[in-house]
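Enquirer: Sequence:
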Amino acid sequence: MLRALAAAYAKLGYQAGQLLAAERAAMDAAGIPAPAGFIASTGMETRLIATAAGTVGLLLLPELTTPAPSEAQFAKASAAARALRAQADLVVGLSPWGVDAEQLLAGRADGAFHILVGSGKGRGAPGLFAAFDKTLWVRPYAEGKAVGRIEILAMPGKDPAFKWQKDANVRFDVVPLKDDVRDDPDTAALLAGVGK
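Each residue of the sequence shown is one higher than the one before, starting from 9 at the first, in our numbering.
Any given hint might turn out to be false.
[To be verified] Straight line, CA to CA, 25 Å or less: simulated SDA-like cross-link-like pairs of lysine to any residue:
#	residue 1	residue 2
1	171	54
2	153	137
3	129	166
4	166	57
5	186	199
What the hints contain is simulated information worked out from the structure, not anything from laboratory work.
Quantities reported herein were computed from a predicted structural model and do not represent experimental measurements.
Given only the sequences and the hints, what does the whole structure look like? Please build it.
Expert: Spelled out as C-alpha cells, the structure:
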C-alpha cells in the first residue's frame with residue numbers, strides 16, 4: 009500500500025510536502041523513497057520556491073515531542089515566518105501541531121504567515137481568517153475524502169498592511185471526492201486493490 013501511495017503522490021508533482029517521522033520510518037522500513045519534493049525533518053525547515061507570480065517561502069514546522077508547543081516554539085515559528093517575508097512574496101506554513109496549537113499560532117504570529125496549512129489532531133476547516141485577516145488558516149478534512157483548494161488572486165508581496173479578502177485576492181473551498189469526480193486512469197491503476 010505504501011509503495012502505491014508514494015507513487016501516486018509522486019505523480020501529482022508536488023513542489024513540496026512534509027513527511028512526519030512515522031511516515032518516513034514506515035517508508036524506510038519498506039525501502040520506498042520519498043516522493044519528489046517531500047521533506048522529512050526533525051527541525052524547522054524553510055524552502056524558497058520560485059513561481060511565475062512571485063517567490064513562495066515555505067516554513068515546515070517540526071513535530072511536537074510534547075502535548076503542546078512551548079512559548080519558545082511559538083516564538084521561533086513566528087520569527088522564522090517573519091524572516092521569510094524579506095525573501096518571499098507569499099509565506100506559507102505547514103504545521104503538524106493540531107488544531108488547538110495552530111489556532112493560537114495563527115493569532116499570535118501577528119500575521120507573519122500569509123497562509124497556515126494545518127494538520128494533526130482536530131477538525132478540518134476550508135479556510136478561516138486570523139490575525140485581523142492577515143493570515144488564512146486551512147486544515148484538511150479527515151479520511152482524505154476531500155481536497156482543499158486555495159487560489160491566490162493577488163500575491164501579498166512585501167506589503168506589511170496586506171489583508172486577505174475573500175473573492176478579491178483569494179478564493180478557497182473544499183472539493184468533496186464523490187463519484188462525480190472523474191478518476192485519473194493512471195492513478196486509479198496505481199491504487200487498484202489498495203486497502204482490499
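Enquirer: Hinted pair, alpha-carbon criterion (25 Å max): residue 171, residue 54. Please report holds or violated.
Expert: Roughly 23 Å between the alpha carbons, so the hint for residue 171 and residue 54 holds.
Enquirer: Taken at face value, is the distance from the CA of residue 57 to the CA of residue 166 at most 25 Å?
Expert: holds, 16 Å
Enquirer: With a cut-off of 25 Å on the C-alpha distance, tell me whether residue 186 and residue 199 pass.
Expert: holds, 17 Å
Enquirer: Check whether the Cα positions of residue 153 and residue 137 lie no farther apart than 25 Å.
Expert: holds, 23 Å
Enquirer: Need the status of pair residue 129, residue 166: alpha-carbon distance at most 25 Å?
Expert: violated, 32 Å
When held up to the earlier numbered hints, the structure conflicts with hint 3 and nothing else.
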